[in-house]
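Q: These are the residues of each chain, in order.
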Amino acid sequence: MVDQLYAAVKARGTEGMAGIWTDEHQLIKAAHRLREAGFVKFDAITPFPLHEIDEAIGIPRSYIPWVTFVFGFVGLAFGLWFTWWTSAYNWPIIVGGKPMWSLPAFIPVVFECVILFAALSSVGALIFSAGLPKVDPPVIDPDLTSHKFALFVPHNDKGYDEAKIQQIFQDLGADEIKRTEF
Amino acid sequence: MAADVENLKPPGPLKISSQMKTTFAVLMFLGFVAFALALVNDGARAWHGYLTAFFFFVSLALGGLFFAAMQHMTNAGWSVNVRRLAESFAAFMPYAFVGAIALLIGAPKLYSWLDPQVVATDYLVAHKAPYLNQGFLWVRTLFFFGGWLLFAHVLVGRSVDQDKSGDEKLTTSLVPWSIAFVMFFALSYSFFSVDALMSLEPHWFSTIFGVYTFGGLFQSSVAFLILLIVFLQRQGLVTGFITADHLHDLGKFLFAFTVFWAYIAFSQYMLIWYANIPEETLFFVPRSEGPWVWVSLALILFKFVVPFFALLPRWAKRHPAHLSAVSVLILVMQYVDLHWLVFPNFDSSQVVFGLYEIFIFLGFLGLFLFSVTSFLSRHPIVPLKDPRQQESMHHHVVY
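Protein chains in written order, with our numbering: chain A, 3 to 184; chain B, 59 to 457.
These aren't lab readings, by the way, just hints derived from the structure by calculation. Hints are supplied without guarantee of correctness; some may be wrong.
[To be verified] Chain A regions said to be covered by chain B (calculated; three or more residues, Cβ under 8 Å):
| # | region |
| --- | --- |
| 1 | 81-92 |
| 2 | 104-110 |
[Stated by the list, open to error] Derived DEER-like restraints, expressed as beta-carbon distance ranges:
| # | chain 1 | residue 1 | chain 2 | residue 2 | range |
| --- | --- | --- | --- | --- | --- |
| 3 | A | Lys43 | B | Lys67 | 37 to 45 Å |
| 4 | B | Met131 | A | Arg63 | 53 to 61 Å |
| 5 | A | Ala9 | B | Thr132 | 28 to 36 Å |
| 6 | A | Leu134 | B | Pro71 | 27 to 35 Å |
| 7 | B | Ala134 | A | Tyr65 | 47 to 55 Å |
| 8 | A | Phe71 | B | Gly294 | 30 to 38 Å |
| 9 | B | Leu329 | A | Ala9 | 41 to 49 Å |
A quick note: this is a predicted structure, and the numbers were derived from the prediction, not measured. Even for Gly, the Cβ is constructed at its ideal location relative to N, Cα and C.
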């Protein structure tokens, strides 16, 4: 039962080539070289953020800010409609001699709705775009969380050629090159 | 990139062209003439215009000093290369001291509570007389401006000293001074706002008022800092020292304090609107009807909504021309905000704004630019011997 469940949720990896370095500068050079060679789907796995890596791999800007922006507006519309529906339409009660539809009093509620929708949708979009949750994903090398750096080219990348990738990794002094799953 | 940074030529002091000098002198002269003419024709209007422009530039000077103090307090490394520019605003402080004495002389034209007849007949004003009286006003104002002058002398003076000696102890010694300044600033600027702006209508009170004026102070100071940086970048003086990454972080400050100002402005409005007490609503009544309502709406739109969306995207905060345009808008709206606080007290039936106000403002602008640029011509633009300076050279903003 547990085994079946595990098999059902276990994250499946992609076949590909990985190069491992202990010097992150070599990794960044290799990333540039891979891009020049026309690869687009490869990724870097590093134990800490590298400032230049975004540009080296050519990661486009994340779409998450747009999710935040759009859902902020959705929250705004929902907050306006909901305060109107509860206080002025469905169950109108006079409070403090103010009109039923008293926008200044509702702004804090609307504001909180904007924040709530924007924040929750951002977290949701992050989880979705990162492909989480990943149960027991394949590991290229356990040391990639402490002192090693890897580049991984999946087999379905444009112009995938193992010999060519091996050559690039070797030229830039990779400590280890292997066929693996990630 | 790292190697290039080491080989950069240090930016020397700013060279002021004779054209700039002439411009500042002409602005100051025009401002002085406009103020003198206004005094002769309509004394009350002249002093209201003076107060608006004076408060605007005192806030900029204090905002620069506050920005520098904040960097010392938080031991910030990224901001070292822009800190000297913020410090340069404080060069206006000695002139502000003189300006404050002038304001005290003109005060009877502005504040009805200085009129003994009003105090004798108005119960509420008489009740506030222990605070709102001539003697205490002079003592407070001189104490605040004297304190700001002292802190400007220490905070900026030690930073400049470090350029010569390179003594790292100066950096650590500035932390307690900065903390002391920020505490003094929080109280003194609130009281100064109450004295200078809130007491124009002595019946009115709002406990959030000091926070409101602070929001405008920080928003406008960052806007001015950005304009100064873009100007120096165009001169080619800070290439490699102040980059798009520094602008990006200042753009974030500008965005954050645009939201902060709106948040505080709305908090003030909503609580007064909700409680509906005459002593409180009398501030918003003249600003919600007649021609002033358009100014109120313009404030919401151009001091919050437009800058909010204009600063939202990442590129907007890294694009010098775009960021400058938004900064100019915010500085204009900061003036409108102060005008909106001051002038309904002079005449609530119409929006009084004309050549007098424009030229008095331009006169102050000339004086402020003169004091800032002459400070930058005497000292290096970047504090090169700050121990955290390398951190600022390699400042990199990912998001």
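Q: Hint by hint, work out which the structure violates, then give me just those numbers in ascending order.
A: 1, 4, 5, 6, 7 and 9
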